[in-house]
Amino acid sequence: MGTPPQSSARIARDPEPSPTQVLIVEDDADIRETVAELLLEEGYGVQTATSGADALEHLAAATTLPDVVLLDLMMPVMDGWTFYDNLQKETRWASLPIVVISADANIHEKAARLRPVACLRKPVGIDELLTVVARFRRV
Amino acid sequence: VTPAPATTEPVAILVVDDHRENLLALTGILDRPDYRIVTAQSGGEALRLLLREEFAAILLDVVMPTMDGFETATFIRQREASKHIPILFLTANGADLDLIYRGYSVGAVDYLIKPLDADIVRAKVSVFVDLFRKAQRIRKQEEALRAAERQRGEEALRDSEALFEATFNEAGVGIAHAATDGRLLRMNPRFCDILGYTREELAEKRLQDVSDPRDVASDVTALREILGGRAEPYRGQTRCLHKDRRVVWVNITISLLRSAAGEPRSFITVIEDITHLKQAEIRQRFLASASEALLSSLDYQSTLAEVARLAVDEYADWCTVEAADEKGNVLESVGLAHVDPGKLELLQRLRTATVADPGSALRQSIVTGTAEVAGQLSDGGARNWGGGDQGPSLLSELGARSAMVAPVGARDLSLGAITFGRGPERSPFDDGDLNMASDLAHRVAFAIENARLYNEAQAAVRARDEFLSIASHELRTPLTPLEIGLQRLLRPRDGDGWPAERVRPALERCERQVRRLEVLIDNLLDVSRISSGRLTLQPEDVDLAEVVRDVATRFADQISASGSKLDLVVSGPVIGHWDRSRLEQVITNLLTNAIKYGRGRPIEASCEGTPTHGRVSIRDHGIGIDPDQISRIFGRFERAVSARSYGGLGLGLYIARQIVDAHGGQIEVESRPDEGSLFTIELPRQPAERHLTANEHATKKAGDGHPSPELS
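Quick note, the sequences are listed as chains A and B, same order.
Position 92 of the first sequence, counted from 1, bears residue number 92 in the numbering used here, the numbering being contiguous throughout.
Each position in the second sequence, counted from 1, maps to that position plus 1000 in the numbering used here.
With the rest of the complex left out, here is chain A (with noise of 0.2 Å):
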């Protein structure tokens, strides 16, 4: 289980011995990797997964729960929605916090369903990002 969200006031760059886990979820390879280097420099470990299927294939795989999901909607083989969908399946996904990013105009109408904890419109800028994503900073 992710610990609970932390202010981005704490962002430090201690050494740690288990870095904060983001789950990538985007099918799009250059945002996805954009994202991922961007994550690794600010010392997060990434994990990245090209649709739903992929991630929920990576979630059952992995011994630590990713402290965070950044999601993409529309994607092939399993969308955004369908992938919350399934993590409702499993208890100890149910409560995974969610940050929905899309190019998509109606954006916070569309994630609603999926209770995310922020919505960013693409393009997301650097600043945006890494200030949602600290919140889930481990202590």
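Keep in mind that the hints were calculated from the coordinates and are not lab data.
C-beta: ideal position from N, C-alpha, C; glycine also.
Treat the hints with care, since some could be wrong.
[As the list claims (entries may be wrong)] With the C-beta cut set under 7 Å, the calculated list includes, among others, these residues of chain A facing chain B: (1) Asp30; (2) Ala36; (3) Ala103; (4) Ile107; (5) Val117; (6) Lys122; (7) Pro123; (8) Val124.
With chain A held as given, fit chain B onto it using these hints.
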């Protein structure tokens, strides 16, 4: 003394005397062919004779036993019939003035003094006979006059009767006399005619028996009011029932005939058949309400159902509205109504039978575009309506007697038909109805046309909104890595900043995003060009095989990144007169799809030539396309999969087809879900001039499918 004409009947003269010799003498004196002398020897005998006949004069002896002359005269004067007969007394005593006065007082007119002078007697008697004759003549003239008058009166009466009879019989309105209880007593031919009964049949009925059941109560009330003197004459409109059960609308006037004592004796009823006017009125009312319904909504399906329902309010017993395609095939029933809901199912069956019969009035009307009335359905005419073997029996079960059909069409385009039917209660459809039905059918056609245009406009607006939302999504997606990538590079860093080996991949990624944006924008501009017919080709001699190889090379990285592998089979140069960059675009779009929907499985591309054509095939083994989506995929903004799963503008295949079309070529697809798709394009090596110069083709293609959204 003028002797009376021989033809004259002798006048009777009564001579009364108790002396026989006197009687003989007087008879002798007065012996003339024109006199008839009647004698009596006593007053009593005289009175008896007077009872029997009429006398011109009485010669009466004064002195007689038992009843003297005066007494006798008194009696004579007392009786009405004899009171004016002149009496001449016979007396011997001429000097006795008393007697004379007494004689006058009892009514004598003159005296004959004994001994009688024959001449005087004759002279005096003849005076009175003359008087009598004159009186008699006057009386006869009077009688003749009266008789003539009576005759004239009778003639006038006969004339008047004949006049009445003629008026009654020939009147254009129905006239009937009825007893106060309504029993019909006498009716003219028109009255019988309006109601369809013979005089004998009507004589068995009462006024209220020929009323329409719906109007009986008010008709009876009217009769009571008239009897009560409250509404007389009564005038109104009411419905009667014809012998054949059809409703007859009449203007009715009822007045009351009273006896001399003022007692009501009979009703005089005048009826005028206004069914025709009433029907025109009902027809107009229906047309007005139907037109209003047609204007009230753009949902023509529900509107036409409403039109059918309005038709059975008062105009017809049933109504159906059918939609047809341009070949006259009836596609669906959009309206169906019967005044009796219990007969809806029967009507449904009749509809199915007539729709199935290509020779039915309904199908023929749609094909020929003409309206038609089928009358006499219950009387041998049912075959004309069609519906195969079942038709006539269904019509008869429905109780249909008259039906009509009008085609619904606009600008030579057949859209369907409306049918109406009537049972025996209503008059058969006539030319007026046929005109109305045609008029209504035109209005229906306009309503359908308007609804279609409106829906198309709505669809265009929806398509545009959807497109704008997708375009915005697609344009924003590459901006994310671009923005993050650039911001990363711009961030202040400790020490020497970014090492070159980390900057390069970041910049390359940014460049890729810029190219992605370029392609998107080019596609958008192409759509805009195609919509406005400005897609122009710049043909030159091109080797199609080389084009395919070039594009494949360019995609190498992307293909391997997707986990796939390209198997390229190209045999020698395939030269044609084509627009090189446009063909690159087509192959790029097909290859992009093969990668996008290929699930990382192998992709095969080939290029070959025939003497006249060049052909390129690109096959993937990915998700494939649902058979019911295949017809849509070349349309603008279409994709076979949900935009939720796969990004993209939905323009790739659309643009590819437009370019291939502009080259006079063909693009085809074979696909099965989960097995993959094979796209094949075939291009003539020498496209016809018209394909390369004018762009009507592209314009025309762009015009079908969805109307163009504005891309500004």
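Now the hints, each set against the structure:
1. Asp30: holds, 4 Å
2. Ala36: Where the cut-off is 7 Å and the nearest Cβ of chain B is about 11 Å from Ala36(A), the hint is violated.
3. Ala103: Check passed: Cβ of Ala103(A) comes within 4 Å of chain B, closer than 7 Å.
4. Ile107: Hint on Ile107(A): violated, closest Cβ of chain B at ~10 Å, above 7 Å.
5. Val117: violated, 19 Å
6. Lys122: holds, 4 Å
7. Pro123: holds, 4 Å
8. Val124: Holds, about 6 Å.
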